[in-house]
Amino acid sequence: MTVSETTDLNQEVDKKPENPLDEERRRFLLTSTCVLGGVGAVCALTPFVSSWLPSAKAQAAGAPIQVDLSKMEPGEQAIVEWRGKPVWIIRRTKEMLQHLNGDDTRLRDPESLVEQQPEYAKNKYRSINPEYLVLIGICTHLGCSPKYKPDLGELGPDWPGGFFCPCHGSTFDLSGRVFKGVPAPINLEVPPYHFINEHTIVIGEEAK
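Position 150 of the sequence shown, counted from 1, bears residue number 173 in my numbering, the numbering being contiguous throughout.
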């Protein structure tokens, strides 16, 4: 056999198609690798995506809460939690309501012009029913929790009753309106709420 013939034979061998079984095996391995890679990417992505979704506990914490007021005595304060915040419910006496008719010039925002309450609570009593006051129990200065001080003269001879923040001395009246000359800049917040009957309220949503 000549050199030329040998070269032609080698070229023919090189051009010989691969074994069909080998080609099929290569395709299977390639496909499997892609599939496994995709599954791995999804698995790696799942914790990241899940971290953006609210947990069941977080969803429950933001849900409206129902409160029974039937056992509250006049002048009593009840404290519940909504969205991780303390919510005060005060059953005001007739005397307490009368004191809210006093000198408004001592208050920084007596007409609740700053949006710290729903529209239906934008009144002197800052409530739907004057007898029941509902407030977020967090001072609007630096986030401390004020103390309920309802008795006349408890913080001095001119004290009409209200709330006192022990952190920096801010004071609020029995509607949660801030007095002048204290660090807190605005009134206490009134959360959304509504009555479903005479003695039951839902905190966290307005009436539908």
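Worth flagging that the hints you see were computed from the coordinates, not collected in a lab. Warning: the hint list may mix true and false statements.
Subject to a maximum C-alpha distance of 25 Å in a straight line, what follows is the list of computed SDA-like cross-link-like pairs (lysine to any residue) [as the list claims (entries may be wrong)]:
no., residue 1, residue 2
1, K147, G85
2, K94, L130
3, K172, L92
4, K117, W182
5, K94, P208
6, K145, G179
Have a look at the derived ranges for each label pair, beta carbon to beta carbon [claimed, not checked]:
no., residue 1, residue 2, range
7, K231, L175, 15 to 25 Å
8, A230, D181, 15 to 25 Å
9, P180, R106, 19 to 29 Å
Backbone N, C-alpha and C define an ideal beta-carbon position, used for all residues, glycine too.
Each hint, compared with the structure:
With a CA separation close to 28 Å, the supplied pair K147 and G85 exceeds the 25 Å bound. Restraint check for K94 and L130: not satisfied, since their Cα atoms lie roughly 32 Å apart, outside the 25 Å limit. Between K172 and L92 the alpha-carbon distance is near 20 Å, which keeps this suggested pair within the 25 Å criterion. Taken as a hint, the K117 and W182 pair is honoured in the structure, with Cα atoms around 17 Å apart against an allowance of 25 Å.
Of the pairs offered as hints, the one joining K94 and P208 is violated, with about 34 Å between alpha carbons and a cut-off of 25 Å exceeded. At most 25 Å may separate the alpha-carbon atoms for a hinted pair to count; K145 and G179 exceed this at roughly 28 Å. For the pair K231 and L175, the supplied restraint of 15 to 25 Å is violated, since their beta-carbon distance comes to about 40 Å. Taking 15 to 25 Å as the suggested C-beta distance range, the pair A230 and D181 does not conform, at roughly 38 Å.
Range check, P180 to R106: Cβ separation about 38 Å, and the 19 to 29 Å hint is violated.
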